[in-house]
Amino acid sequence: MYGALMEQLSLLREKGIDFEVIPGVSVLTSAAASLGIELTMDNISQSVIIARGSLRIPVPEKQSILALSSHQSTMVIFTAIHIIEKVVEDLLKGGYPKDTPVGVVYHSTWKDEKVIRGTLEDIVQKVKDNRIYRTAIIVVGKVVNPERVYSTKLYDPSYTHSFRRGSS
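So for the sequence shown, UniProt numbering puts the first residue at 1; every next one is plus one.
Incorrect hints may have been included.
[Claimed, not checked] Derived pair list, reagent style DSSO-like, types lysine-lysine, alpha-carbon separation capped at 30 angstroms:
hint: 1; residue 1: K126; residue 2: K98
hint: 2; residue 1: K86; residue 2: K128
hint: 3; residue 1: K93; residue 2: K62
hint: 4; residue 1: K86; residue 2: K62
hint: 5; residue 1: K98; residue 2: K114
hint: 6; residue 1: K62; residue 2: K98
hint: 7; residue 1: K86; residue 2: K111
hint: 8; residue 1: K62; residue 2: K111
hint: 9; residue 1: K86; residue 2: K15
hint: 10; residue 1: K126; residue 2: K86
hint: 11; residue 1: K62; residue 2: K15
hint: 12; residue 1: K111; residue 2: K93
hint: 13; residue 1: K142; residue 2: K111
hint: 14; residue 1: K114; residue 2: K128
hint: 15; residue 1: K142; residue 2: K93
hint: 16; residue 1: K126; residue 2: K114
hint: 17; residue 1: K93; residue 2: K114
hint: 18; residue 1: K111; residue 2: K128
hint: 19; residue 1: K126; residue 2: K142
[Unchecked claim] Across the chosen pairs, the derived CB separations fall in these ranges:
hint: 20; residue 1: S70; residue 2: Q125; range: 23 to 29 angstroms
hint: 21; residue 1: E61; residue 2: M6; range: 21 to 27 angstroms
hint: 22; residue 1: F163; residue 2: S47; range: 20 to 26 angstroms
hint: 23; residue 1: S167; residue 2: R117; range: 35 to 41 angstroms
hint: 24; residue 1: R52; residue 2: P97; range: 40 to 46 angstroms
hint: 25; residue 1: L11; residue 2: P157; range: 54 to 60 angstroms
hint: 26; residue 1: K114; residue 2: E14; range: 38 to 44 angstroms
hint: 27; residue 1: E14; residue 2: R131; range: 28 to 34 angstroms
hint: 28; residue 1: H71; residue 2: N145; range: 16 to 22 angstroms
hint: 29; residue 1: A4; residue 2: P97; range: 33 to 39 angstroms
hint: 30; residue 1: E20; residue 2: P58; range: 41 to 47 angstroms
Hints were generated in silico from the structure; no laboratory data involved.
This structure is a prediction, so every number in the text was calculated from the model and none was measured.
For glycine and all other residues, C-beta sits at the position ideal for the given N, C-alpha and C.
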């Protein structure tokens, strides 16, 4: 989801070097698996916003973490663990309540993976306590720790969908 792939491919093309892009598993999905969560859940969050945190690279105002926070959907934030204080400040200013669940996954799928859960109120200290400053992803929203797991219509016997006719 985030990287320097286009820069690297441009240079390889310029130099006439053949290459092949082999898809892998994104930290977006591996972090969700490490947290044991779905990024969308019925009645909780129907959308996922993928954003990058930055202090030095200009971000269009409407795409800032502050502006995107108004949606209150699941937000997955790349490249921002080193500025987590600013990220949390913007999320709170943007409208997320301070008790909003947050998951941080450091080195997702690596042997030294760390999974930290908290809220916007305490996640900064938890990240500092675990000495995480790089190579981590931040997942924000109720899906990280849903108050109640609602059953979807998919398994409701009375619900008709493409795989079965619902009972009356």
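Checklist entry - In ascending order, which of the hints set out earlier in this document are inconsistent with the structure? => result Per hint list: 8, 9, 11, 12, 24, 27, 30 violated.
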